[in-house]
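If you read the protein sequences in the order shown, they are chains A and B.
Counting from 1, one number per residue, gives the positions in the first sequence under our numbering.
Counting from 1, one number per residue, gives the positions in the second sequence under our numbering.
Just so you know, not all the hints are guaranteed correct.
[Stated by the list, open to error] In the DSBU-like style, the derived pairs of lysine-lysine whose C-alpha atoms are separated by at most 30 Å in a straight line are: (1) A:Lys66 with A:Lys194; (2) A:Lys169 with A:Lys66; (3) A:Lys169 with A:Lys148; (4) B:Lys22 with A:Lys3; (5) A:Lys70 with A:Lys3; (6) B:Lys22 with A:Lys268.
Note that these hints are calculated values from the structure, not bench results.
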Amino acid sequence: MDKNHQMWQDLGMDLETHDQLCEALPAAFGDVFLTSNDSPDTMDYFYAVAADIHGLRPAELVEEQKKGRKIFGTFCVFVPDEVILASDGIVTGLCGGSQFWVPEGETVLPANTCPLIKASVGARLGRTCPFFRIADMFVGETTCDGKKKAYEILGEDVPMHIMHLPHGKRPQDMQAWSDEIRLFMDQAGELTGKPATLETLNDSIRIMNEKRRALARLYECRKNENVPISGRDALLIMQIAFFDDPERLTAQVNRVCDELEQRIADGKSVAAKDAPRILITGTPLAVPNWKIHNIIESSGAVVVCEENCTGTRYFTHEVAEDNKSVEEAIDALTDRYLGNINCACFTPNPGRADDIVRLAKEYDVDGVIDLNLKFCNLYDTEGYLVERRLSDEGIPVLGLETDYTDSDAEQLRTRVEAFLEMIAD
Amino acid sequence: MLVNYLLFDSHEQALNLRSLLKDEGIRTRIAPAPRSLTRCCGVSLIVAEDDADSVRDYIESHPGLCREFEAAEQDFNPNRDRYC
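Excised from the complex, chain A in its bound form (with noise of 0.2 Å):
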């Protein structure tokens, strides 16, 4: 037996028909990302990690327990990683993101469940995510109800703890998210026997800064006139940063972006001159949901900005940091997660149709789609008050919803088309 399945199989997990979705990777990974040839050469760790996304990153997660330390698993870019960090935990993203989870997930939900929470909770419960095997505790938040519920569901399997998220960022709910903060420090170093301190607080607030600044520094790349990265690998590199190391992964980001910026400075673009430039908007694309970027960008396109926690909310805005009292240093982390991540689970939520106003304008988008997840009534409902405001700016904009089946993509890449072709009009 292979490493990788005597690993699977140690964990407990159904190699029958894990082994199903392995067969579908090689294909899907090659349709989207090896019929272009003007990949940078330096994406070469995350195709590496990519095509063993089951493999080489669960390896490592192990061989770290073997030695002690605690897998936190976490479901929303509300989760404050620097608390993990700081007790000497290890942050993963989890399964989440394929259609082959989803029918084991509907199994204990609602059909008309998001497909994202259905599939990560059948990749835990059908024993076909190595990530969702490995994890010493899962963290939950309240940022809808379909995940209030599910959380519930998984707690009886897997230990749990869920951060309550307040739905506005008054004074008080500033105060409530401080509050939620601290409770998770504690619970954190009790799991892993090293509770956090200033100064390990500190380190993982500026792991955290500089990973932020090296994806951040990946967009800035992509607001240049000639875009040198497609938007396809510009996702695999936030979808993968959800589950490597923080430090590596900054390191191969900047890595990339060396060689972006070389890019600019010769002039080279992965997009016709006059391919439209495409900012997305709306719910999350967990790995291996490359749908929608495959379609607008094999349609002519160019997917330059994500509005969406897998794109800017994920690293925008830092954490103060040289915090002089674990008080401050909590204070910092709420200020930069709850008072700046635009959620469509706040009401009212102003920030986020500013914030999509701005990129568009910061990345010089020729169109936004505000492209959300079946049954994700948070941004369905908010998406009329953002396509309204983009009306009024006078952006185009085309609303979407999917799932993760192959059995609406005709008609996404006919209304994809037809929106290119209007905007180029």
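Since the structure of chain A is already known, use the hints to place chain B on it.
Structure of chain B alone, referenced to chain A:
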């Protein structure tokens, strides 16, 4: 169409050979190894048909750099719309 794949025991081995071949002026693409060639979801390198003989010569003169060099039927198509 037939696609040439270099197969490995580890991703480090794949990245190493990719770098060595690049020094020889041979470009490769990193890809998931197709299941028809290996049961493991490992990292592989795709070699263009024009470079296949050069790569074969190189790995024969430098043993131990990869596990196997094989071809598999693959047809990548960005408009297929079959995602995983």
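Here is what the structure says about each hint:
1. Proximity of A:Lys66 to A:Lys194 is assessed by CA-CA distance (about 16 Å); at most 30 Å being required, the pair is judged to hold.
2. For a cut-off of 30 Å, the pair hint linking A:Lys169 to A:Lys66 is broken: about 41 Å separates their Cα positions.
3. A C-alpha spacing of about 20 Å is found between A:Lys169 and A:Lys148, which places the hinted pair at or below 30 Å, so the restraint holds.
4. Restraint check: the Cα-Cα separation between B:Lys22 and A:Lys3 comes to about 28 Å, which is no more than 30 Å; the hinted pair holds.
5. With a C-alpha separation of about 22 Å, the suggested pair A:Lys70 and A:Lys3 falls inside the 30 Å cut-off, and the hint holds.
6. Of the pairs offered as hints, the one joining B:Lys22 and A:Lys268 holds, with about 21 Å between alpha carbons and a cut-off of 30 Å not exceeded.
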